[in-house]
Structures are given as C-alpha cells and as structure tokens.
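S.K.: From first to last, the protein sequence lines stand for chains A and B. The end of the first sequence is residue 485 by numbering that gives the first Met the number 0, with every number in the run present. The end of the second sequence is residue 405 by numbering that gives the first Met the number 0, with every number in the run present.
Keep in mind that the hints were calculated from the coordinates and are not lab data. Honestly, I wouldn't trust all of these hints.
What the hints assert, rightly or not - Only pairs whose alpha carbons sit at most 27 Å apart, straight line, appear in this in silico BS3-like list of lysine-lysine:
1. B:Lys196 / B:Lys377
2. B:Lys196 / B:Lys336
3. B:Lys196 / A:Lys377
4. B:Lys226 / B:Lys377
5. A:Lys377 / B:Lys27
6. A:Lys183 / A:Lys204
7. B:Lys226 / B:Lys27
8. B:Lys196 / B:Lys27
9. B:Lys308 / A:Lys132
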Amino acid sequence: MHLNNGTDPHAIGTKLPAPEARYDMVVVGAGPSGLAAAIAGAGEGKSVLLVDENPIPGAAMGNDVPLLFGGRMTAATQNAERMLETVFMSEPMLEAAMEAGVEVLLGTSAWGVYRNGPGITGLPENVVALADKDRGWIAGYGELVLATGARDLAIGFPGWNQPGVMGAAALERLLTRYEAFAGKRVLIVGSHDLALSTALLAREKGVDVAGVVEVRNAPQGDAALAEAVRAAQIPFYLDDAPAEAIGGIDGVERVRLRSGAEIAVDTIVLAIGLVPSIELVDAMGGKRVLDGARGGYIPGDNAGVTCVGDCAGLADTGFDHVEYRMEWARELGKLSAPDTIVCQCEEVTRADLLGVQPPRYLERPAPMAARSLDTLIKDGPPNPDQIKRLTRAGMGVCQGRRCRDQVAMMLATAANGPFGTVPLATHRAPVRPLPLRILADWEESEDMRAGWDVWFGIPTQWVPYRDIDTPREREHQQAIAEGWSL
Amino acid sequence: MSYVGMPTPSETPQETMAKIAGTAAKMKVVIVGGGVSGLSAGWWLARSGAQVTVLDKGIVGWEASGRNGGGASHYQSPLFEEEQRMWPHMDELLGYPTEHQQERLVIAISPKQLNQYHYLAKMNNDMGYRVDLLTGDQVRAMVPLAGDNCLGGMHYRFGGHANPQRSVQAYAWALQDLGGRIVQHSPVTGFETEGGKVIAVHATSGRHECDAVVVAAGPQIQALMAKLGVEVPLAAARAEMIVTEPAPMMPIGGVDGNGLYGRQTLRGNLAYGGGPHEWLETFEAGPPARPSSPLTRNLARRVAELFPKAAHLNVIRSWAGIVENTPDGRPIIDRMKDPENVTVVTMSGVGFGLSPASGHAVRDLVVDGQCSFTDVAKLSLSRFDGIGADWREQRGWQPAKAELAA
Ligand SMILES: Cc1cc2nc3c(=O)[nH]c(=O)nc-3n(C[C@H](O)[C@H](O)[C@H](O)COP(=O)(O)OP(=O)(O)OC[C@H]3O[C@@H](n4cnc5c(N)ncnc54)[C@H](O)[C@@H]3O)c2cc1C
Numbered sequence: 000m001h002l003n004n005g006t007d008p009h010a011i012g013t014k015l016p017a018p019e020a021r022y023d024m025v026v027v028g029a030g031p032s033g034l035a036a037a038i039a040g041a042g043e044g045k046s047v048l049l050v051d052e053n054p055i056p057g058a059a060m061g062n063d064v065p066l067l068f069g070g071r072m073t074a075a076t077q078n079a080e081r082m083l084e085t086v087f088m089s090e091p092m093l094e095a096a097m098e099a100g101v102e103v104l105l106g107t108s109a110w111g112v113y114r115n116g117p118g119i120t121g122l123p124e125n126v127v128a129l130a131d132k133d134r135g136w137i138a139g140y141g142e143l144v145l146a147t148g149a150r151d152l153a154i155g156f157p158g159w160n161q162p163g164v165m166g167a168a169a170l171e172r173l174l175t176r177y178e179a180f181a182g183k184r185v186l187i188v189g190s191h192d193l194a195l196s197t198a199l200l201a202r203e204k205g206v207d208v209a210g211v212v213e214v215r216n217a218p219q220g221d222a223a224l225a226e227a228v229r230a231a232q233i234p235f236y237l238d239d240a241p242a243e244a245i246g247g248i249d250g251v252e253r254v255r256l257r258s259g260a261e262i263a264v265d266t267i268v269l270a271i272g273l274v275p276s277i278e279l280v281d282a283m284g285g286k287r288v289l290d291g292a293r294g295g296y297i298p299g300d301n302a303g304v305t306c307v308g309d310c311a312g313l314a315d316t317g318f319d320h321v322e323y324r325m326e327w328a329r330e331l332g333k334l335s336a337p338d339t340i341v342c343q344c345e346e347v348t349r350a351d352l353l354g355v356q357p358p359r360y361l362e363r364p365a366p367m368a369a370r371s372l373d374t375l376i377k378d379g380p381p382n383p384d385q386i387k388r389l390t391r392a393g394m395g396v397c398q399g400r401r402c403r404d405q406v407a408m409m410l411a412t413a414a415n416g417p418f419g420t421v422p423l424a425t426h427r428a429p430v431r432p433l434p435l436r437i438l439a440d441w442e443e444s445e446d447m448r449a450g451w452d453v454w455f456g457i458p459t460q461w462v463p464y465r466d467i468d469t470p471r472e473r474e475h476q477q478a479i480a481e482g483w484s485l
Numbered sequence: 000m001s002y003v004g005m006p007t008p009s010e011t012p013q014e015t016m017a018k019i020a021g022t023a024a025k026m027k028v029v030i031v032g033g034g035v036s037g038l039s040a041g042w043w044l045a046r047s048g049a050q051v052t053v054l055d056k057g058i059v060g061w062e063a064s065g066r067n068g069g070g071a072s073h074y075q076s077p078l079f080e081e082e083q084r085m086w087p088h089m090d091e092l093l094g095y096p097t098e099h100q101q102e103r104l105v106i107a108i109s110p111k112q113l114n115q116y117h118y119l120a121k122m123n124n125d126m127g128y129r130v131d132l133l134t135g136d137q138v139r140a141m142v143p144l145a146g147d148n149c150l151g152g153m154h155y156r157f158g159g160h161a162n163p164q165r166s167v168q169a170y171a172w173a174l175q176d177l178g179g180r181i182v183q184h185s186p187v188t189g190f191e192t193e194g195g196k197v198i199a200v201h202a203t204s205g206r207h208e209c210d211a212v213v214v215a216a217g218p219q220i221q222a223l224m225a226k227l228g229v230e231v232p233l234a235a236a237r238a239e240m241i242v243t244e245p246a247p248m249m250p251i252g253g254v255d256g257n258g259l260y261g262r263q264t265l266r267g268n269l270a271y272g273g274g275p276h277e278w279l280e281t282f283e284a285g286p287p288a289r290p291s292s293p294l295t296r297n298l299a300r301r302v303a304e305l306f307p308k309a310a311h312l313n314v315i316r317s318w319a320g321i322v323e324n325t326p327d328g329r330p331i332i333d334r335m336k337d338p339e340n341v342t343v344v345t346m347s348g349v350g351f352g353l354s355p356a357s358g359h360a361v362r363d364l365v366v367d368g369q370c371s372f373t374d375v376a377k378l379s380l381s382r383f384d385g386i387g388a389d390w391r392e393q394r395g396w397q398p399a400k401a402e403l404a405a
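Only chain A is shown next, with the shape it has when bound in the complex (with noise of 0.2 Å):
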C-alpha cells in the first residue's frame, strides 16, 4: 500500500531539529590555547562558545575517561560544586574570556561533531553537540575550533591494571587544576620531556618522586631538564622497565623492575607519550595523518575546523615520539604474560587478542582456538576495528582510550611493519561515555515522533509470504501501517 506520492514520511527529511543556539565560532576546550583563540574571536566582534569538559564528573575519572587517571584522585573529586569553584580559579584567563564576552560553559563536553557530507544530508546546518552534568543539546557553528589538548598514552605490562597506574597528564591535572592527588610516592615511566617535567612538577607539588625509568640507555629529554631532574636527587633507573606493578586491595605498593630493582610506590605514572586528542575531528570523519615528530595521528586539513593547541599536534622537537613508543611497546610485551591483560574494560589478554579469541563468555571450539592474527593477516591487512569487534578489545565503557593505541602498536608489530601499518581503531560519536537520559532528546520535534518507525515503514515489507496477492495483504498492510509512528 504505497501512497506512492512521492514522499516518504519515515525518511530523516528534515526530522533533525535546528540547534538550539547558534555562536559564530565555538571552541572546545578551554586550555591556553583554546582560551586565546575564544578571546581573539570575542575581541573580532563575534559571538563566542567556549566549552570546558573540566570538572570531569566523578564516575567518568573512574572510568579513566578522558586521561589514564588510575583511581589515584581524592575524594574531593566527588564533590561536583567544589570542583567546578577549584577548576574556575586555577585559570585566571577564565574570567578574562567571561569579560571578553565569550559565553563561557565548564563542566560540558563535546560529544560529536555532525557536518553534511557523503553519506548524510539531512542535518539543517553544522552542528557541535554538548552535554553537561543535566542534560544533552546541540549548537550550531559558523566556525569550529579544537583546543582538546592531548590524552594520555597507556601501554600495558603485567599488573598495569590495576589502582595506582596512571598517566602523566591524568597526574598533572590531579596537581595543578583539581588538586586532588591521592597518591604520596610515584616512579615516572618515560624520560622525555613530559617524564622530566612531570617528575619536577610531582615534586615541587610536594609529591616523593622514586625515580625515572627509562627503557633506553640515556635519558630522552632536553638536557637542562634532565640536569634538573638529576639536581632535585630523582634517581634515573637507565635501560630498565617496568617488569610488573605489585599491589594490594587499595592498589599498587611496590614495582619491580627488569634489572630486578624493587621500588615501593603507589603509583606508576606512565610518562612515555601523549596522543593528540583527535576523537572529535576522527568521528565526524574528518581527516588524520600520521606524524611521529607531532605525537602520532593529529588532524588533517578538514574544512569548517580549526585545531589549535596539543590537538593539533605536539611541539615537533625533532623527536620521533612514535618510535619511541613503538620501542617500549615491544620492551613491555616482552615483559608481559600471555594473560596481561590489554583491554581492561573487556578484560582481553595478550593471548587473546594475538590469537583473535573471543570473550571468555563464548567458547572456542577446536576451530576456533586454531585462529590466530597470522590467520587473519593471511586474509588481508588487519583492520583494528575488525578485530575489535571480534575480541571486543576496545569495545568498553572507556571507549578504548586506555589500550586503542596499543592494540595498534602490538597489531603493527605482529604484522611486522611500522607503526601505522595498521590503522588505529576508529572513533564514535558520542567521544564520551554519556548516560541515555542525558543524551536524550526529550523535547523532540512532532516530525520526528509522527514519523518515527522501527523499520523504514514499508508495510509490503511484514505480509506473511503466503497472504502476499491475496485479499488478505492489503488487511495486514493497513494494519500495520495504521501502527506506525508508536
């Protein structure tokens, strides 16, 4: 029963509903560089949004979302209100933008970015779309900037997950922004520059800093930092790792490391990279390329969007960061385990990801235990989001942020090639995990209800087979129909 009009009330059409405000330019993250880039735009005379996702609500830390933060932060952390007043005057330059005029959100993130383009037509105009503590809505934007700073970068070795394992920007936020670090005596993992600086700051912010391991014979960083480090009596453990991570109930309490040294800490602080946060230019489709001096994948040319800041790529030192991650990549795997795990929210070994197994709730026939990566490469390059899907490696609630980069590290070196052989897994909107009645659109359109269908709304589609043709077919279609639009 084709109304056969030349409409179709079930197609998107224009069900997408128009933002619920409109800046001439939006900017996302409210760092230095996003700062600087809301307040110039303010001063050009152009309405200005800048969101912050800071304070991060207390159960996505906990989730490491985004930054490795390993449970090692206060319970002060829990206090949305304090937080908010903590995180509002550690940056002065907040009420400088409030002043400039800039419409200042903290405490909301950016969970999409949506652009007409292959493959969708229907939105009314670019949107951003933003979720704080209450509820999710979408702004529209003449102009988009990314100041998403950089995430931490996560590399797993035997007892890695657990409590007191964390990252150097995760740790750095816990000290300055939120002070809010839980934990007294940390080793610093790393010895480039972001291990030196965060082995200074750990200790001018009152913090025992054990050590400095570095897997490498020298340390990586600029030599006058170096000599800081050296001067402020922080040992450097040199040609030396992680080989596990012991604790207790309450976490890490000692490492140990590949020399045979043992440390008592409880935290780890994983200083050897960071990676440009590009989840929002990476969901929207947007372009990435691979640039080891600049910390990894960072944003392509993409239209519309300007990157500023760590998201844009870190400072190019003349330092392969890529290389050197690659290189303690493959000295920790050594020091792993088949069962260490990689995935922590799925709880995926080594083993299992190597072998292309899937979750331990399924059972693996004799066929099944016979595949493996080298099977799967023999069939083509390996795609990570295939094998994501297969062993679920990435699949959690973390959103694969704490083992996406080193799935694609251990994937290109079991392919044997560099890294980037390998593409990284993709990313989805929305780039944080947000609760369904957040993310909700409880005030949509009459449009969108009226034509709402669980499947295309095609009633031929549900005839029974054996009424097709028959005078029963057009009863069944009118019914069914008739229920459309629930």
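Position chain B with the ligand against the provided structure of chain A, taking the given hints into account.
M.R.: Relative to the frame of chain A, chain B with the ligand by itself:
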C-alpha cells in the same frame, strides 16, 4: 535444540548436510560480496562440494552484515521456518561461535504499541508460530530493566538474535575450512560472458573462472547486474544504531519495542536501532562513508523509555550501516534467465536473521535450479518487470539533496 513455538522440522540440519554432500562436486562458483548472504550461500555450496571463491571489495561483513541489529525473527518470510531450523545448530555446524540466542520479547509503553503488538501476535499465531501475550507485571518479572511505564507485551516462543560480525566471520572461516577461498580487498569490476553464461568474473585480484556466479553485493548489485544487462531496482539507505555499556544480564536478551529493534548482547550491552533512515545513491564503488547523526539522541530517548531502569547507563558508541530496499521492501532471490548461471540475492532489512536459510535457497537455485524447501517464486526479480524508471521518486525514496550526497 528447536523451538517450542514452531512446527517440528521433518529433518535435522545434520541430515540435510549429509544429503547435499557432493551434489555440486567440481562446480566452480564465484560469489560477489562477502556479506552474510554471499558467505552463507558460499558455505552451503562448499558443503555441497563446490569450489567456492568469495570476492569482496573490502573486508567480510564490513557493510550491513556486520553493522545490524542481529535480529532473527522474520516470520513473514518463506525462509523463516528453515532459518529457525538452522540457527540453533549453526555454532556446531560452522565450528565458530555466533552468539545465537533463542526467543524474543516485544514490550509496549503506549496503548497504540500494545494494539500493534497484539495484531502481530495474532498474525503469528494464525501461521502456527506461538506468541504469548504478557501483562505489564509479567513483563516486569521477565525484563528486569523494564519500568512502571510498561503496559504489556508479547513473548515470541521462536525467533532470536546473534552477533552480526561474529556470525559473518564464522561463515567466512567455516567456508575456508571447507576449502573455499575468500579474497578480500578485491572489488569485482566486470563479467566475461559466452553462450548466455558468465564464464569468468573480473576483479582487481584478477580473472576468476566460474561455472556459476552469485551476486550478493548489497546495494552494489544494481550496478553490477546492469553490466549484464539486468535491471535490479534497488534504493540504498543509511540506518543508525547506538550501544550502551553493559547492563546486568536479562534472562532473555532479545527484548525490544517502543519503535526500536535490538538486543542485549551476551556481554550485557544494549544495542538498539530504529527511526528515520536516509535515502542514498547506490554508489557503484560502495558507500563513501557511513556517518551517524544526532538521531543518536532520539534513539537514546527511546531506549531510556523502553528500559527506565537502564537510563543511567552510558552510551558508548553509535554507528550506521547502508542497506538496500527493493520497491516492495522484500528480498529478491532469483536465478536469472540470461545469463542463466547467475543468481541474485538481496535481502533488504532481513538478511542477517534469514542468512542460514537464504544460503540454502541460493545453493538450491545454483545447483538444482529450484528451491527444495520452500516457495520463493514471489521473491523473483520479474515482479518488477516494467516498473517505471521513476519508482524511487514515486515513493519519495530518492536522496534528499543529491548534490550533497555525492
Ligand atoms: C542498522 C541496520 C540494522 C539491521 N538490523 C537487522 C536485523 O536486526 N536483522 C536482520 O536480519 N537484518 C538487519 N539488517 C539488514 C541486514 O544487515 C542485511 O539484510 C544483510 O546484512 C544483507 O547482507 P548481504 O550480504 O546481502 O549484503 P551486505 O552486507 O551489504 O554485503 C554485500 C557485500 O558485497 C560487497 N561488495 C559490494 N560491491 C562489490 C563489488 N563490486 N565487488 C566485490 N564485493 C562487493 C560489499 O563490500 C559487502 O561486503 C540491518 C541493517 C542495518 C544497516
């Protein structure tokens, strides 16, 4: 291992396998498209002894077959009873896990929904497929995530769901274990015909000789068959889904309703889709992108309404898949008259669930020229003979803004 709510099959799948063994020995079959339809057909043919080569433009299951709702309850199809007979045995027959689970619940949160579900329940009971009606309290007892807003529902004592990507891979691996070849990243570019038959299929991987061809390339069937002078009316569209973090396991994971289809995975995630689709070109080279849209929010709302006790759960991903529809939305499973060794299979919105049976039907058409276990005559291509060139426009199925879609 069968359903209480379905007629008892007259033969076990194992008996069928024994019967077909060797029936297509030495037959060279090239299958264009490594989605579930092509792979299941390939598996059935390999079980019959054929030498099967599957060519895909990308990775197996990368299009609709790996991105769908995993639902397997398409009672309207002539393939349904065969699908129901096969699914419970597929893990064992393939040798790989598919995560297949039996039975489904559909629950209503509005009187209109409840009416609709009661109609469908009766329609099924009339066909001899058992559906039990449930009160709101009965639903709440069976579906821990349901809320006070639930007015009732129905319990299909048949049907079910499985994991799309895992099932696709299971077919593919099982096919390889039987000696079949799967050539990925190898788009088919043309056909070589002689004497009313296709004698070879051309792909970027080279020339593949064949005795028979199965074209199971999803929306790309249209452009491929046009090369053989056969017009297959298809319209492609984009459909979206979302998934949450794991929820506590429900006794029956196949719960949907409220304008949604979907399932709880064996890990506990709630994966749901529904709502408006976007019509697209059928793109000979395949879709340039598969973006999701802010429809994510409308899906989130409906999942929160369906499962009020899960409203706090985080949504962790959204995605879209491209699926083709024929003018009446029903599959085409048909062997062509010219070239006479080409069989076409397009399953529209029901291809995943019906895959164990669609492969059997295709195998029968390729090997025997007719389907042995059910009538598929009403799924022939000829029903669209003489359809006007503007059939998409007539239905409003054309891409909204063609210039943007390119
Ligand atoms: C969001 C969504 C939800 C769905 N939910 C359900 C559900 O719950 N239950 C259900 O039963 N069905 C569902 N479907 C429909 C189901 O996914 C399809 O019916 C089914 O996957 C079709 O399988 P296929 O093998 O015919 O096609 P496809 O999966 O499209 O496979 C076609 C293959 O052909 C390849 N190809 C194309 N062109 C060429 C070429 N020139 N050369 C070589 N290879 C080529 C493609 O790469 C692709 O792998 C859903 C679909 C979508 C998009």
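S.K.: If a hint holds in the structure, say so; if it doesn't, say that too.
M.R.: A quick look at each hint next to the structure:
1. Taking the CA atoms of Lys196 of chain B and Lys377 of chain B, the gap is near 24 Å; set against the 27 Å cutoff, the hint holds.
2. For the given pair, Lys196 of chain B sits about 10 Å from Lys336 of chain B by alpha-carbon distance, which is consistent with the 27 Å threshold.
3. Distance restraint check for Lys196 of chain B and Lys377 of chain A: the Cα-Cα separation of roughly 32 Å exceeds the 27 Å cut-off, and the hinted pair is therefore not satisfied.
4. In summary, the hint linking Lys226 of chain B to Lys377 of chain B is supported, as the alpha carbons are separated by about 25 Å, within the 27 Å threshold.
5. As the CA atoms of Lys377 of chain A and Lys27 of chain B are separated by approximately 22 Å, the hinted pair is consistent with the 27 Å bound.
6. Between Lys183 of chain A and Lys204 of chain A, the direct Cα distance comes to roughly 11 Å. Compliance with the 27 Å bound is thereby established for this hinted pair.
7. About 21 Å separates the Cα atoms of Lys226 of chain B and Lys27 of chain B, which keeps this hinted pair within 27 Å; it holds.
8. Of the supplied pair hints, the one linking Lys196 of chain B and Lys27 of chain B holds, its CA atoms being roughly 13 Å apart against a limit of 27 Å.
9. Distance restraint check for Lys308 of chain B and Lys132 of chain A: the Cα-Cα separation of roughly 19 Å lies within the 27 Å cut-off, and the hinted pair is therefore satisfied.
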